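Based on the provided sequences and hints, a complete structural model is requested.
For the protein sequence lines, the chains are G and W, in the order given.
At the far end of the first sequence sits residue 440, using the working numbering, and the numbering has no gaps.
At the far end of the second sequence sits residue 511, using the working numbering, and the numbering has no gaps.
Honestly, the hints are just simulated from the structure, not real lab data.
Fair warning: this is a prediction, and the values are worked out from it, not measured in the lab.
Even for Gly, the Cβ is constructed at its ideal location relative to N, Cα and C.
Wrong hints could be hidden among the right ones.
Distance condition first, Cα-Cα at most 25 Å in a straight line; then the derived SDA-like pairs of lysine to any residue [said to hold, decoys possible]:
hint, chain 1, residue 1, chain 2, residue 2
1, G, K440, G, L415
2, G, K440, W, G154
3, G, K58, W, K55
4, W, K55, G, L415
To give a feel for the contact side, a few chain W residues facing chain G, derived at Cβ under 7 Å [stated by the list, open to error]:
hint, residue
5, L52
6, K55
7, V216
8, P219
9, Y360
10, K387
11, P483
Covered stretches of chain G (in silico footprint by chain W; criterion: 3 or more residues with CB under 8 Å from a CB of chain W, positions within the stretch not fixed) [stated by the list, open to error]:
hint, stretch
12, 113-121
13, 131-137
14, 348-361
15, 401-414
Listed here are the chains, written in short residue letters.
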Amino acid sequence: MTSPYAPHTDAEAQAMLDAVGVDDIEALFNVPDSVAFDGEFGIQSRGEREARREAAKLLGRNDDLTEFLGRGHYAHYVPSVVDDLASRSEFLTSYTQYQPEVTQGFLQALFEYQSMLVELTGLDVANCSMYDEATALGEAATLAQRVRSVSGETVLVPDHLREDKRAVLENYADGPGLSVESYPMADGQADVDALAEAVDEDVVMVYAETPTVRGVIEERLADIGALADDHDALFCLGTDPVALALLERPADVGADVVVGDAASLGTGTAYGFGLGMFATREEFLRQVPGRLVGASEDGEGRRAYTLTLQTREQHIRKERATSNICTNQAWVALRAAIHAAWLGPDGLVELAEDCVTRPRDLAARLDDVVGVQAPVHGGHHFREFVARTDQPARAVADDLAGEGYAVHTVGEHLIQVSATEVTAEAEDGLVGALTEVAK
Amino acid sequence: MTTYDQASWADEDGERYEPLLSEKATETVDIEDSPLPDELTRDSLELPAPAEPEIARHYTRLSQMNYGVESGPVPLGSCTMKYNPSFTEDITALPAAAVHPDRPDSTVQGTLALCYRLQDYLGRIGGMDAVTLQPPAGAAGEFTGIRVAKAYHEHNDDERSEVVIPDSAHGTNFATAAMAGYSVVELPSGEDGRVDIEALEAAVGDETAALMLTNPNTLGLFERDIEEIADIVHDAGGLLYYDGANLNALLGRARPGDMGFDVMHYNVHKTFATPHGGGGPGAGPVGVTEELAPFLPDPHVRERDDGDGRGDYEHYRPAHSIGKVHGYYGNWPVLVKAFAYISRLGDSGLADASAKAVLNANYLAERIPYDVPFGPFHHEFVASAGEQDAADVAKGMLDHGVHPPTTKWPETVPEALMTEPTEGESKRSLDQLAAAFEAVHGEDDGTLASAPRRTAAGRIDQVSAARNPRLSWQALDSDD
Chain G
2 MTSPYAPHTD
12 AEAQAMLDAV
22 GVDDIEALFN
32 VPDSVAFDGE
42 FGIQSRGERE
52 ARREAAKLLG
62 RNDDLTEFLG
72 RGHYAHYVPS
82 VVDDLASRSE
92 FLTSYTQYQP
102 EVTQGFLQAL
112 FEYQSMLVEL
122 TGLDVANCSM
132 YDEATALGEA
142 ATLAQRVRSV
152 SGETVLVPDH
162 LREDKRAVLE
172 NYADGPGLSV
182 ESYPMADGQA
192 DVDALAEAVD
202 EDVVMVYAET
212 PTVRGVIEER
222 LADIGALADD
232 HDALFCLGTD
242 PVALALLERP
252 ADVGADVVVG
262 DAASLGTGTA
272 YGFGLGMFAT
282 REEFLRQVPG
292 RLVGASEDGE
302 GRRAYTLTLQ
312 TREQHIRKER
322 ATSNICTNQA
332 WVALRAAIHA
342 AWLGPDGLVE
352 LAEDCVTRPR
362 DLAARLDDVV
372 GVQAPVHGGH
382 HFREFVARTD
392 QPARAVADDL
402 AGEGYAVHTV
412 GEHLIQVSAT
422 EVTAEAEDGL
432 VGALTEVAK
Chain W
32 MTTYDQASWA
42 DEDGERYEPL
52 LSEKATETVD
62 IEDSPLPDEL
72 TRDSLELPAP
82 AEPEIARHYT
92 RLSQMNYGVE
102 SGPVPLGSCT
112 MKYNPSFTED
122 ITALPAAAVH
132 PDRPDSTVQG
142 TLALCYRLQD
152 YLGRIGGMDA
162 VTLQPPAGAA
172 GEFTGIRVAK
182 AYHEHNDDER
192 SEVVIPDSAH
202 GTNFATAAMA
212 GYSVVELPSG
222 EDGRVDIEAL
232 EAAVGDETAA
242 LMLTNPNTLG
252 LFERDIEEIA
262 DIVHDAGGLL
272 YYDGANLNAL
282 LGRARPGDMG
292 FDVMHYNVHK
302 TFATPHGGGG
312 PGAGPVGVTE
322 ELAPFLPDPH
332 VRERDDGDGR
342 GDYEHYRPAH
352 SIGKVHGYYG
362 NWPVLVKAFA
372 YISRLGDSGL
382 ADASAKAVLN
392 ANYLAERIPY
402 DVPFGPFHHE
412 FVASAGEQDA
422 ADVAKGMLDH
432 GVHPPTTKWP
442 ETVPEALMTE
452 PTEGESKRSL
462 DQLAAAFEAV
472 HGEDDGTLAS
482 APRRTAAGRI
492 DQVSAARNPR
502 LSWQALDSDD
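So, in structure tokens, the structure goes:
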């Protein structure tokens, strides 16, 4: 078939060929015979209806489970207005804003997104996105190495860290010759005394998370920040915008860089689709990776926005750029900004408070189930908690999946449960199912 | 009434602009009586608090001050900004597409089946033996590919320190090589705009880990000596890396794998028509030969063969995997769109898309008044604005209702206007583009210097934006 998205009529194509001065389009392909391909991929063309049905049928093979899953990737209710506005084609099908006079709309939206992160983190500068939290962490490590006044080659991360995140960090760390080492955790939080032993002059960055991957709110962030500072290492904090609405401001605990996944606003689960957050202090502005939108003026003195400080970026600086990032997650940032605006500060704080009370209450209910103790860790939780099961955790999780519920397994007898407003109606069902399978 | 007039909020003190959300309605919430102790919480939070109707109008106005592919042609060379069919959006929004990444494989067989099919499609299209979907953008694909190349060399106890890149290559190639710890050897282009074989022979050697190349190249020219280029690189022990930015020009005519490339990335958001989203999300799957497959990122999707009832597909860790390049599995919604697009077009539709893209580029190159060196072209060409400033030409074109081409790049062509119309443009819209080039070509420098005049904002002061960075509304406040 001809491409359904090429508008040429036969007569127009012929007129164009005449203008170019060839008889046949194939004459324009300058491919030597020795590497020419016969055109057969073996992929059948389909009508739009068939293509839709095929994809829907394939995806229909997924089990329909209620997901009490988190550990870094969260589902919150996304209001319809986010989809509606972000899907306007002037946003969705536009390019990166290299011609700012015709992309003021997207530039302003990204400027607003940056501003929201500045308010949430208390830091001076936020970029307008990285791919996800893991890659943002990788970029933070390379930034730390560039800005540190004395040499060193170690990045310290918590022992309880998603293996995926660590694996990405290691890939980013390898080029500049950094090594990634971990410090111990105690009861779901950083073991600050052990961390004090681990930090030395070789450390360029100390990374901590709040909430931690086990859902515990880190209580000694300022101490961790001070330890990093004492050794001229950067303090990088991993978190997310919903948590930041309630928890102490990263700037107030000495964070030099904040990374995280802001897809918790504006985007559903989407199989791990992310929105890397990256904020830092003004001092490091010229070392920031990724795009920055700045306010300026047009020729008539009207306020206008533009991509700025592009001399840090790969298309100008090439191998001396702060990062190779080009296409980022701009549209996802637009979604997060619309969602945050829809919630407003009241709604965002309420959502964050719900992330504290809901898991606390659910953990108390699960603790009453025979064969389950929850939560395993002391302290305060955010969105999720770890529970101990008398039965092997894998068997408990498999049996729960059979009943229509997905939970994590994080140890031989440890499961992890994440609860937000989107799982609220399923909590009774989960408690009931666990009562059956945990005995 | 122009869209800017519709979008402008007010006319106070002579300033007219769409106000920031924070200027419309901001509230401060004090954090007290929270379920956490005070020492763990912030004191207050100040954010915009508009009502939903205000949000709807605000973002609708912003969209009216923005130009996308559905607004008109976007002939940005190397970016392949083609029409994005609507139906792929619906598929991405299916409830079954929204699953958590930590679900066990046996419960997401549909997701894995789609990944497997897309891996297979991309492998066939690129002539590659294995494809990973994990890289979340083209540059992330480059990083993945170069990491794979590095792991391959190290596995063979063959440490190498250099990556060779033509001077006309994308900036990402250089940045990627540096990020992976390599030093860059820049390869000067030959007089015909192609790789200079003698220069290549001088550039490669025992330290060459890879040559990064796009074919057709940035000037839209097919590297006809590609087999000789491959031999030179391979004889030196290096690998040949294909930058997929220009793959739209080759669909069904040639495949990187057949040309001797060992590793490549696909810009599915270019070639396979997924919307660019104002700068992402994209996706940059990477294809490799069988030899390099054991080094691909973890996890990879494969078919299961033991039939134990846990489904037909599973994730696994390739034997010598480089690890991960994204926290989860990459930009899944973008991959769904690419799958749906490829599935819709199939062999003949993809080949036709490429044919029309090439026809459009050559037709437009014929029509424009600027000097276009070399040719014939694949899907893009680079004209030179000559005595005119290419940036001024671009601003002038904005006033004619079209998006200008990529400007001032590649640096090998003076005042470059790098133009790629894509197959989505009709003869009529190409004629409209040609007319815009024609009009601007005839304008004097003084007129162009004050362009654009018919857009939401006039020419923007880039210098003061960089000298006095104001990157948030908080910074604006402090400025007042």
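Taking the hints in turn, this is what the structure says about them:
no. : hint            : in the structure
1   : G:K440 x G:L415 : holds (15 Å)
2   : G:K440 x W:G154 : violated (49 Å)
3   : G:K58 x W:K55   : violated (46 Å)
4   : W:K55 x G:L415  : violated (48 Å)
5   : L52             : holds (6 Å)
6   : K55             : violated (10 Å)
7   : V216            : violated (10 Å)
8   : P219            : violated (15 Å)
9   : Y360            : holds (5 Å)
10  : K387            : holds (4 Å)
11  : P483            : holds (5 Å)
12  : 113-121         : holds (count 7)
13  : 131-137         : holds (count 5)
14  : 348-361         : holds (count 6)
15  : 401-414         : holds (count 3)
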